[in-house]
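Visitor: Letter by letter, the chains look like this.
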Amino acid sequence: MSAKVLTVTSGKGGVGKTTVTANLATALAMSGKKVVALDADIGLRNLDVVMGLENRIVYDLVDVVEGRCRLRQAMIKDKRQPELYLIPAAQTRDKTAVSPTDMVLIADQLREEMDYVVIDSPAGIERGFRNAVAPADAVIVVTNPEVSAVRDADRIVGLLEAEEKTAPKLIINRIKGDMVARGDMLSVDDVLDILAIDLIGVIPEDDRILVASNQGLPLVMHGLNGSSAGQAFRNVAMRLEGQTVPFVDLTAKQGFMSRLRTLVSSN
Amino acid sequence: MSWIERLFGQKETSGNVAKQRLQMVLIHDRSDLPPGLVEQIKDDIIDVIARHTAIDTDKVVVHLEQDVQENRLIAEIPLLSTRSGRRAPNGQRATTYH
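Residue numbers (our numbering), protein chains in the order written: chain A, 1 to 267; chain B, 1 to 98.
Keep in mind that the hints are not guaranteed to be accurate.
[To be verified] Taking lysine-lysine and the DSS-like style, the derived pairs with C-alpha atoms no more than 25 Å apart in a straight line are:
hint, chain 1, residue 1, chain 2, residue 2
1, A, Lys79, A, Lys4
2, A, Lys12, B, Lys19
3, B, Lys19, A, Lys169
4, B, Lys19, A, Lys176
[What the hints assert, rightly or not] Chain A is faced by these chain B residues, among others (derived, beta-carbon under 7 Å):
hint, residue
5, Val17
6, Ala18
7, Lys19
8, Met24
9, Ile27
By construction, these hints were calculated from the structure, which means they are not laboratory data. These figures come from a predicted structure and were not determined experimentally. In this text, a Cβ means the ideal position worked out from N, Cα and C, and glycines have one as well.
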């Protein structure tokens, strides 16, 4: 077995890296893959609470790096998904506790027994980012349809090019179809025009994301129906598996008036 | 905004404003030339050219442009007519330095 190592990063904080990591890792595990989610945000760990595994942490990433435990001991097994694991970040240390070389060594060990290693990168472009990206076979850049988030994503894309990583894939998170239709939000095409990288996911704004993180149960686990963001995450997982899944037109679900408005404005 | 405003082009949508602002800011980010530095370059260009010929300093424009291959610094430097000190008819443009 040789796992694919995916790093989820964004530059800007708060755009949804941890939510994407949790849901993507869970969706891949639900499709029968062996997956480990690795929190690289040392000092500000949160993947544990989003995945609802915070009460089961004994050892963390830094314990592994500093030899206080074996890698296997730091892997928390998700009871709801038999093939899903979490390696939490340390909470009371900083990014310098781990080096890019450490991350490559850990990822190489995980590759042997997993199908996917999904790494949640911290925000920023410094050491934590470089740690998270060092072992990546593929990088997923998350952005929101906002000027500040897209600008930071562009910076990340530039840095990844400089590191000669394979071309990153883009997830546009928190799109509101009605606002795009009104012309009050950057559209998927606008963002793609600017960043000029391949799209792998468009996640609609969805209140259930907050409900899911309140409960510590990633949205993709909430059953198959009724969640557009949940389905969008499952679609990303399928695309990662090489399947062709069409992108849903989020501006399509509108009432008569907003459709009329779109029609008029496109002339 | 209402569709009537949109129909008559009275107001630009905030989505378009966002896109244009992003494009401008990224041109500067990607070339590592902040807008203030471009202004300094403009002043320096004016000094150099003005040593050799009369130019319309108020109308000098220096900006960055971007296409697929490269970023370009574009300077438009209107020359003043040397004969009378008036501007030439039909707004004769100076050479554009690429």
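Visitor: Taking the hints in turn, state whether each one holds.
Guide: Against the structure, the hints come out as follows:
A hinted pair counts as satisfied when its Cα atoms are at most 25 Å apart, and Lys79 of chain A with Lys4 of chain A qualifies at roughly 23 Å. Between Lys12 of chain A and Lys19 of chain B, the direct Cα distance comes to roughly 18 Å. Compliance with the 25 Å bound is thereby established for this hinted pair. For the proposed pair Lys19 of chain B and Lys169 of chain A, the alpha carbon gap of about 20 Å is at most 25 Å, so the pair holds. Between the alpha carbons of Lys19 of chain B and Lys176 of chain A the distance comes to roughly 16 Å, so the proposed pair stays at or under 25 Å and holds.
Residue-level restraint check for Val17 of chain B is violated (minimum Cβ-Cβ distance to chain A is 9 Å; threshold 7 Å). Against a cut-off of 7 Å between C-beta atoms, the interface hint on Ala18 of chain B holds, since the closest Cβ of chain A lies about 5 Å away. At its closest, the beta carbon of Lys19 of chain B sits 5 Å from a beta carbon of chain A; the interface hint therefore holds under the 7 Å criterion. With a cut of 7 Å, the hint placing Met24 of chain B at the interface with chain A is violated, because the nearest CB-to-CB distance is about 10 Å.
A least Cβ separation of about 11 Å between Ile27 of chain B and chain A goes past the 7 Å threshold, and the interface hint is therefore violated.
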